[in-house]
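Asks: Sequence:
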Amino acid sequence: MGRIRFDGNEDRLSDLPECIILHILSFLTIQHAVQTCVLSTRWKHLWKRMPTLNLNSHEFMTLKIFSVFVSKILSLRDTSTALHAVNLIRGRTIEPRLLKRFLNYVISHNTHLQQLGISVCGDIGLVFNCVSSCRALTSLTLSVRPKWSDSTATLFPKSLNLPLLTSLDLTNFAFCGDENGCAEPFLAFTKLNSLVIFDCKVRDAQILSISNNTLVNLAMHYNSSLHAKIKLNAPSLCTFNYTGSYHIHEICGSGLSSVKKLNIKSAHFSASKYALVLFSWLINFANIESLTVTSTVLQILSLVPDVLKVKLRCFHNLKSLKVELIQIRAGSLLLLIQEAMIEKAAAKSPKEVVKLRKAFETSFEPPAIPDGIVDFLRQNSPSAEVNISTEDPCSFNLKQIEESIKGVNINNYRSRFSMRSSARLPRLSVRSSSSVAPGLAAKSASAAEPASDAAPASAAEPAKSASAAEPASGAAPASAAEPASDAAYASAAEPATAASPNLHICLGEKAIDCVTFCDPRMMINDRIKMRRRRSTNKDNDDKSWNKDEEEKHQ
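In terms of numbering that gives the first Met the number 0, the sequence shown is residues 0 to 553.
There could be a bad hint or two in this list.
[What the hints assert, rightly or not] The calculated lysine-lysine pairs, modelled on DSSO-like cross-linking and capped at a C-alpha distance of 27 Å, are:
1) K318 x K264
2) K71 x K43
3) K43 x K63
4) K347 x K272
5) K318 x K308
6) K157 x K146
7) K308 x K354
8) K343 x K272
9) K308 x K272
10) K99 x K63
11) K343 x K354
12) K398 x K321
[Claimed, not checked] Derived Cβ-Cβ restraints for the label pairs, each shown as a range:
13) G124 x H83: 20 to 30 Å
14) E17 x F278: 56 to 66 Å
15) I106 x L38: 27 to 37 Å
16) H44 x G124: 35 to 45 Å
17) L62 x L27: 20 to 30 Å
18) D77 x L38: 11 to 21 Å
19) T151 x V276: 25 to 35 Å
Just so you know, the hints here were simulated from the structure itself, not pulled from any lab data.
This one's a predicted model, so the numbers in the text were calculated from it and none came from an experiment.
Every residue, glycine too, gets a C-beta built ideally from N, C-alpha and C.
Based on the sequences and whatever the hints tell you, model everything.
Replies: Laid out in structure tokens, this is it:
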């Protein structure tokens with residue numbers, strides 16, 4: 000049996016039992032798993048016996064290539080191997096023949112199928128016939144749209160019965176109500192543990208009822224078209240994640256006191272009435288231990304009249320408060336906040352109103368976190384830890400945020416922030432010098448010293464803290480200046496022997512010690528070099544073409 004060997008060492012991976020190797024391959028897409036057939040003779044047919052099928056059209060250039068690939072996989076796969084998990088991701092329209100063949104293959108191997116995920120635009124009836132036949136399913140993810148339609152919601156069938164289902168993830172579905180104007184689509188799932196509802200609607204109903212005694216995790220994201228009150232009756236519910244767009248749904252029920260972790264994220268609001276709705280959330284979810292909100296949620300909460308004077312009877316068990324800073328865009332929310340600030344200023348003096356109006360005319364923005372709102376939430380748990388994070392640090396005045404949170408002893412800053420990589424923007428990461436691991440500190444120190452054959456650009460400015468991040472114009476950037484991954488920063492940024500502070504600002508001016516980024520000058524130089532190469536190649540092609548023409552004439 001031929002095996003791969005590197006530097007005389009044994010190929011220990013191939014010595015593993017086949018069940019372990021197949022388990023490792025199950026974490027790959029089928030496209031990458033098939034590529035392992037070239038490793039050795041043992042690996043040649045291993046992918047055919049994989050118990051999982053992960054088919055994603057986004058990894059293929061065209062739909063035709065994807066269709067041919069899926070057809071070959073279904074033909075060559077070992078039919079005697081049981082299927083445990085299947086995922087088909089094709090966000091747009093799929094060929095009817097291919098979809099029908101795929102669904103028939105799933106039905107013929109549904110005896111041991113436990114996980115099924117389908118995201119397609121196609122025949123809804125065929126999809127639900129396939130799902131209904133998989134009685135052993137424990138996890139189901141569905142995003143099914145009618146053919147040639149991106150906006151029409153798919154009607155969720157009331158007759159769907161999967162007795163072993165524990166996890167359900169639905170996208171773009173519509174739930175129909177009964178004669179009482181209440182929609183209860185999840186009564187049949189008696190063992191449901193996790194439920195995700197994304198961009199769903201309610202038809203002929205004013206209430207969406209989620210009643211389940213076993214439900215532990217609930218997530219509702221961007222259900223703007225769900226113009227209905229949400230009634231929760233889930234005594235075992237522990238985590239509730241909510242992401243809104245332009246309004247917040249009213250929530251009522253008997254199972255709200257069991258929630259321990261509440262996440263509310265929303266970027267925009269369209270009316271001040273949602274401030275009272277949000278305030279009712281705080282009263283209903285009284286026993287939470289962890290609260291995560293966006294700064295816009297705190298802004299809309301501050302619109303409640305005299306909210307800071309209210310004595311809360313909840314949040315006695317609060318241990319963690321996390322705030323994600325989001326910039327307020329021009330719109331109704333900004334106008335509401337400005338009106339509220341003017342009303343408060345009018346209570347003091349007319350001069351304050353005039354000053355405030357002039358400030359608004361000069362693009363003055365309200366504080367990201369309203370004054371006193373954090374202390375209001377922590378009035379019954381003053382020792383609760385506060386974490387503030389942002390993905391757009393340039394848009395906020397962190398000193399102003401620090402001053403707005405009064406009565407907090409700031410002992411330490413932890414900088415765990417890293418901007419998302421973008422093709423247009425340079426990579427930016429921030430870390431604290433007091434929390435950098437010794438090995439990384441040594442690497443960054445050595446990177447700050449220019450090599451003998453490189454231009455001494457970074458050595459000319461030794462006083463700059465970011466000198467290690469500015470490579471010479473004629474040399475490639477130092478590898479030590481670029482972190483291996485975001486996880487490396489996260490682990491390196493945690494201080495080993497630091498007392499847990501009450502407030503952690505994930506990005507602050509005191510925390511910035513070393514800014515590492517890809518110098519835009521390097522990007523410009525690379526473009527210039529590429530243009531020169533293109534022009535040189537073009538000149539060479541023109542010269543060769545002229546020589547050929549001269550030889551023809553001669």
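Asks: Please name the hints from earlier in the document that this structure breaks, with their numbers sorted from lowest to highest.
Replies: none
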